[in-house]
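Colleague: Below are the chains, spelled out letter by letter.
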Amino acid sequence: MTRNITCVTCPMGCSIKVEMTESGEITSISGNTCPRGEKYAKDEITHPLRSLATTVRVEGGIYNVVPCKSAGPLPKEKIFDCMQAVNAAAVNAPVTLGDVLIENICGTGVNIVATNHCPAK
Amino acid sequence: MLNYDIVIIGGGPAGMAAALKAKECGVDSILILERAETLGGILEQCIHTGFGLQYFGEELSGPEYASRFIDLVNKEKIEYKTDTMALEITDSNVVYAVNKKDGLLEIQAKAVILAMGCRERPRGALNIPGTRASGIMSAGTAQKYVNIDGYMPGKKVVILGSGDIGLIMARRMTLEGAKVECVCELMPYSSGLTRNIVQCLDDFGIPLYLSTTVIDIHGKDRVTGVTIASVDENRRPIPGTERLIECDTLLLSVGLIPENELTRAVGIGLDRVTNGAVVDEYRETDHEGVFACGNVLHVHDLVDFVTLESQTAGEGAARYVLGKKQKSDQVTTKGVGTVRYIVPQKINLNNEGDVKLFFRVGNTFKNATVKVKYNGNELISRKRPRLAPGEMESVLITKKMLDTFEKDGVIEISVEV
Numbered sequence: 001m002t003r004n005i006t007c008v009t010c011p012m013g014c015s016i017k018v019e020m021t022e023s024g025e026i027t028s029i030s031g032n033t034c035p036r037g038e039k040y041a042k043d044e045i046t047h048p049l050r051s052l053a054t055t056v057r058v059e060g061g062i063y064n065v066v067p068c069k070s071a072g073p074l075p076k077e078k079i080f081d082c083m084q085a086v087n088a089a090a091v092n093a094p095v096t097l098g099d100v101l102i103e104n105i106c107g108t109g110v111n112i113v114a115t116n117h118c119p120a121k
Numbered sequence: 001m002l003n004y005d006i007v008i009i010g011g012g013p014a015g016m017a018a019a020l021k022a023k024e025c026g027v028d029s030i031l032i033l034e035r036a037e038t039l040g041g042i043l044e045q046c047i048h049t050g051f052g053l054q055y056f057g058e059e060l061s062g063p064e065y066a067s068r069f070i071d072l073v074n075k076e077k078i079e080y081k082t083d084t085m086a087l088e089i090t091d092s093n094v095v096y097a098v099n100k101k102d103g104l105l106e107i108q109a110k111a112v113i114l115a116m117g118c119r120e121r122p123r124g125a126l127n128i129p130g131t132r133a134s135g136i137m138s139a140g141t142a143q144k145y146v147n148i149d150g151y152m153p154g155k156k157v158v159i160l161g162s163g164d165i166g167l168i169m170a171r172r173m174t175l176e177g178a179k180v181e182c183v184c185e186l187m188p189y190s191s192g193l194t195r196n197i198v199q200c201l202d203d204f205g206i207p208l209y210l211s212t213t214v215i216d217i218h219g220k221d222r223v224t225g226v227t228i229a230s231v232d233e234n235r236r237p238i239p240g241t242e243r244l245i246e247c248d249t250l251l252l253s254v255g256l257i258p259e260n261e262l263t264r265a266v267g268i269g270l271d272r273v274t275n276g277a278v279v280d281e282y283r284e285t286d287h288e289g290v291f292a293c294g295n296v297l298h299v300h301d302l303v304d305f306v307t308l309e310s311q312t313a314g315e316g317a318a319r320y321v322l323g324k325k326q327k328s329d330q331v332t333t334k335g336v337g338t339v340r341y342i343v344p345q346k347i348n349l350n351n352e353g354d355v356k357l358f359f360r361v362g363n364t365f366k367n368a369t370v371k372v373k374y375n376g377n378e379l380i381s382r383k384r385p386r387l388a389p390g391e392m393e394s395v396l397i398t399k400k401m402l403d404t405f406e407k408d409g410v411i412e413i414s415v416e417v
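Sequence order for the protein chains is A and B. Following the numbering used here, the numbering of the first sequence begins with 1 at its first residue and continues without gaps. Following the numbering used here, the numbering of the second sequence begins with 1 at its first residue and continues without gaps.
Treat the hints as calculated values from the structure; they're not laboratory data. Keep in mind that the hints are not guaranteed to be accurate.
One-sided excerpt, in silico: chain A residues whose CB lies under 7 angstroms from chain B [said to hold, decoys possible]:
#1 K69
#2 A71
#3 V100
With a straight-line cut-off of 27 angstroms between C-alpha atoms, the simulated DSSO-like cross-links for lysine-lysine are [unchecked claim]:
#4 A:K42 - A:K78
#5 A:K121 - B:K101
#6 B:K346 - B:K383
#7 B:K77 - A:K121
#8 B:K81 - A:K121
#9 B:K334 - B:K400
#10 B:K179 - A:K76
#11 A:K78 - B:K155
#12 B:K144 - A:K78
#13 B:K383 - B:K400
For each residue, glycine too, the CB sits at the ideal point set by N, CA and C.
Next comes chain A alone, as it looks inside the complex:
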């Protein structure tokens, strides 16, 4: 099994080829031009992570929504579950930048925090 991965560690954007056995064990990594690329490719295969930035609905604020982000990276496969949980939530104004809006989103251990202020109406 072969997977092609574009490294995003730096702007070079190396195309990395990862060879794996049927059981998903990595047998070779090629195409990277530095060790960071190898680590990136390994992580992408074994446990890809993404940070999430979205908005949460606000009740009684001057805006309808306040922007938020995951305080740390989330497992990539949980991104849509997390989106659903965030979209089901609502918070009361005022919201201050840095406020924890949702604790331990989808059991990931990561909090969703506000990335802007939303004063009350």
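With chain A fixed as given, assemble chain B onto it according to the hints.
Modeller: Then chain B, alone, in the frame of chain A:
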């Protein structure tokens, strides 16, 4: 008439960084004029992360990056007026502006800093044929609808243009439940960052069609679909490659235009490539006491560079107000071949330090050499593993080099493969 030492037009990242630097350099009488309800500019709607890696060494969202500067502006007690539209700058640096509270403002400035940013190229500038159904908007407009106003402008989306805003919106619309059918890019390459192509398109299986454009828009009241086609090397649609894609929304991410109406009206010289003012090393325009920085000067890919450039302009304006800056004989800079433009376009020979030249290339290169020549003689030759149109490059002209230059000399930057 009001009097200020420095009036800054625009309270986005450029205006705020310029104001803070000018204050640090010893100017207390500063006024920022901002058109929107709050300071922060376009960063307020750029809720994705990736800002500040260069400047703060942290990955921040747009509002977080902006809020660090808003907090500093408040802490330094720099005056600003929001909901205020600048209308005109006169020959003698009087700024006219208007808002609901003060009515018409007439402000005499010693120095003016232009920090108005840029706006998106609209459909009209592309001449896409087809109907004028609703559902056609710029990617930035959609970004405001989703991220600030909190509603979705469509369900089935085609995006024309693969610049970073288009890519970011492909992901954002997908996360909020829309189906992004494809991103079409007229050029044979994307001008977006590789990181964004991977994390905004590849992650969600959104196809990127290169050398492809939208040639027709269908729908009477609402968009029902677009016809896309491949283009040849002259960017002309190839007959027989047309394809109908059903969608209810077309987002345009087809370039940014510096907002230089005020600049043009007062007669400041513009660079035909950047669409921004021609400036010297402190970002002073050819109109004495008027400086420009940020996206109104040239479109940047990273806000971090906007901040740094605006600090230079803020320092320049402060030096001008405090009587420390004097124009002298100058040399000019010139991009050759693939080097599309260089900022600054002029350097004063009496400048006291090194000068960084920023430039952009017109094509993608691997293992190329950047050459800097002065009047034909090589000054710098530097290997670069990768050059791309979406990534601003720079070279340093040292004070030592500058001391050997003479009036009207020309610094040329070129790329050799």
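Colleague: Against each hint, give a clear statement of whether it holds in the structure.
Modeller: Outcome of the hint check:
1. K69: Holds, about 6 angstroms.
2. A71: 11 angstroms, violated
3. V100: 15 angstroms, violated
4. A:K42 - A:K78: 19 angstroms, holds
5. A:K121 - B:K101: 20 angstroms, holds
6. B:K346 - B:K383: Holds, at roughly 25 angstroms.
7. B:K77 - A:K121: 25 angstroms, holds
8. B:K81 - A:K121: With Cα atoms ~21 angstroms apart, B:K81 and A:K121 stay inside 27 angstroms; holds.
9. B:K334 - B:K400: With a Cα-Cα distance of about 20 angstroms, the restraint between B:K334 and B:K400 holds, given a limit of 27 angstroms.
10. B:K179 - A:K76: OK: B:K179 and A:K76 at ~19 angstroms, within 27 angstroms.
11. A:K78 - B:K155: 22 angstroms, holds
12. B:K144 - A:K78: Judged against 27 angstroms, a Cα distance of about 26 angstroms means the pair holds.
13. B:K383 - B:K400: Holds, at roughly 22 angstroms.
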